[in-house]
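Participant: Given the sequences, and given the hints that come with them, work out the whole structure.
There are 2 protein chains.
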Amino acid sequence: MAKEIPYKIYLSENEIPRQWYNVRADMKKKPAPLIDPRTMKPITLEAMSEVFCEELARQELDDTTPYIDIPEPLIDFYKMYRPAPLVRAYCLEKQLDTPAHIYYKFEGNNTSGSHKLNSAIAQAYYAKQQGLAGVTTETGAGQWGTALSMACSYFGLDCKVFMVKVSYEQKPFRREVMRTYGANVTPSPSTTTAVGRKILEEHPGTTGSLGCAISEAVEAAGASGGSYRYVLGSVLNQVLLHQTIIGIETKTALDKYGIKPDIIIGCAGGGSNLGGLISPFMGEKLRGEADYRIIAVEPASCPSLTRGRYIYDYCDTGRICPMAKMYTLGSGFIPSSSHSGGLRYHGMSTVLSELYDQGLMEARSVEQTAVFAAAQQFARIEGILPAPESAHAIKAAIDEAMICKQTGEQKTIVFGLTGTGYFDMVAYQKFNDGLMGDYIPTDAELDAAFTNFPPQP
Amino acid sequence: MAKEIPYKIYLSENEIPRQWYNVRADMKKKPAPLIDPRTMKPITLEAMSEVFCEELARQELDDTTPYIDIPEPLIDFYKMYRPAPLVRAYCLEKQLDTPAHIYYKFEGNNTSGSHKLNSAIAQAYYAKQQGLAGVTTETGAGQWGTALSMACSYFGLDCKVFMVKVSYEQKPFRREVMRTYGANVTPSPSTTTAVGRKILEEHPGTTGSLGCAISEAVEAAGASGGSYRYVLGSVLNQVLLHQTIIGIETKTALDKYGIKPDIIIGCAGGGSNLGGLISPFMGEKLRGEADYRIIAVEPASCPSLTRGRYIYDYCDTGRICPMAKMYTLGSGFIPSSSHSGGLRYHGMSTVLSELYDQGLMEARSVEQTAVFAAAQQFARIEGILPAPESAHAIKAAIDEAMICKQTGEQKTIVFGLTGTGYFDMVAYQKFNDGLMGDYIPTDAELDAAFTNFPPQP
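Residue numbers (the numbering used here), protein chains in the order written: chain A, 42 to 498; chain B, 42 to 498.
Note that these hints are calculated values from the structure, not bench results.
A couple of the hints might just be wrong.
One copy or two, either will do: identical chains are not told apart, so a pair holds if it fits within one copy or between any two.
[Said to hold, decoys possible] Capping the alpha-carbon separation at 20 angstroms, the derived lysine to any residue pairs in SDA-like fashion look like this: (1) 120 x 53; (2) 206 x 467; (3) 471 x 223; (4) 239 x 86; (5) 297 x 54; (6) 71 x 86.
Facilitator: As structure tokens, then:
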């Protein structure tokens, strides 16, 4: 007889994965290499190490080693909030009256409120190992900045966060969490960097952008005389690697109960959560051991996979970072106002872009009012108030469960619930008041953004 | 050999307690009965049932039944966020360099952000069982209102929350969480009740008080023609009873690893968390089976146990609720501004008051800047950003651990971490900016408040 499945499958602490899984090792056709815009050639470890910690630069470029050991001090930190529960959404299933079985991997049970902490602590660890004084980064919605502040505080590293000015002003609570963890938070653009001053001169009233904040953070690290490095919370291969702890735990929990998922769903901004969740499953798929439907869900307002082009593009609007081949809307694309700040990135992880291009995963875009309706439904019946980003995956999971209801199929759906929405109540208020709209770029707007693509290598 | 103790001790779902424990049953000298101010005699079940659900009124008055079954639908709901982890504070111990072992029972892993949900769901369940249309309540800081909104949403009950006006305006995010769960939130005082209109007439600019909100909520329930009842999140015996799930789980987890605590610490406002945490341990103490030091920690700004009087007093400033014999500062006492809204109640649970009076537990008061310093220290090393209320217990736990460091004793300290501080960032900001002060009432201020005591029965 099958074991009864609890509401929450918790692994024990000694089941925390000891290795990350590098899905690139199992890809026959690898993601295209990052290009150094100065040479227009694949970037070298040396060039990467000017910006990133050496060990992280190595992880970034390594597309052959399948398993990479997680250092022991990281395991100790992970024990404070991991393993994360895999939850059976019994109440939601009952409410939907669907034969589908729905599971979600919940990454919100830590103070940063999201999965971002998984990579933040790894990046802080390697920075500490290298003897650095601190790290710099940018943050938009603030989840990454919060996670990095926590990680740096734990390892006694200085943490300089450039926070997009509009968020700095509109999300003072996120800012205060970072400050409580000892981070130095600067609204961007600022007068502390050359690029910031230039932007302020050209656009005196600007409220900032992620691209500008990235440029300031990179400049600040570079100006430190080598004692700081820049760190990033998504998009990069190293980040996806660290986030595979999500997917490995998920697979271990499912295997324990003999559950084989049919559909795996994740929201996709830069791709860190989705990549981390699906990697071990994608590995089986690549090795021909199993098959799964894998669905990336992105906002209709920033549809890089579903409406972007697969092409070399800059990773930042300041054009000082390496170029990556990815699905992109153009580094000059400015998504219309949306409340899922974590999904407002113009490009997509090169790994996910390549997997999508090879037809190994699906993608769909959803509109934000539908996303908030799903978020509210989920909050009321499953008790967890989701981050708007996470709610993209909820929306798709509900849609798939309703298809099962029509067809009568008992499919098993697993989705990633990346975090909580406690700092997103301005958006919920807009939804509660019926004042939320949908923003879908026109073809003409996208075509205009596409004219920004750089010359191809 | 002793089992290695993990960072987090999780019980399995089938170890969720099936019964609450009623500590009054083991008290030789019972808490003094509630007095009906209309008759000046012990309140009857009938009179109680006019205000509260019948089953809850029964629990309120029952001081002889030691164990009370938890209804099955509640167990199902508890499974969504319980058992709550008992965490070994390894990192904090190491940082303090103390021989003490520190554990905390963490109740913040649910969207309401605190232990309040344990009783909210029970009260909503009994209201539903009784066939009511909904419930009314008041909320100050908003944790109770949030918890009740979630509970009512789950059982399909209407939920009317009177929220102290100053909080309604200053804590819009709490308000929006409640609205997301479908609650009707009214700033108090309001024009929707006679008592609200009277107060607005007498004090046109008032920003409200908990006492006034209670009075409005009770009036609104009374005016419903019997289809609504009033519910309360602390102080009452029924609430302490429901919260014993905290203590029972804690004891089960400790027993599993053969751990015997020396000191048990909890913050104390109305007493629901502290009472729930300590009940099973106090039971052993009352039955002569074990001994523990039990410490209630209250804010220096509202020191009911440490500086109040043990006397019959009104439970609300509107003086429409029953009178209780309790440690109290007087129902007219207005605590100076403090950021631990959940601890700003003039009185203390009758059960805890009686236990304290019998010398079975200790009490101490702490100042808020010291509390926030402890909160920040804890957040940085243990990763959880605590609610200011919870941080009172952290402060006392750290103090006790530091005494162990001096004496070299390896004591085992257990404290209740009641919730998270995500909606308290205004207070953290004040602390981060060095703008937080301490507020300790003078003896003259307390003496003035004491003149408010009603005639004794």
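Participant: Broken hints, numbered, in rising order?
Facilitator: 4
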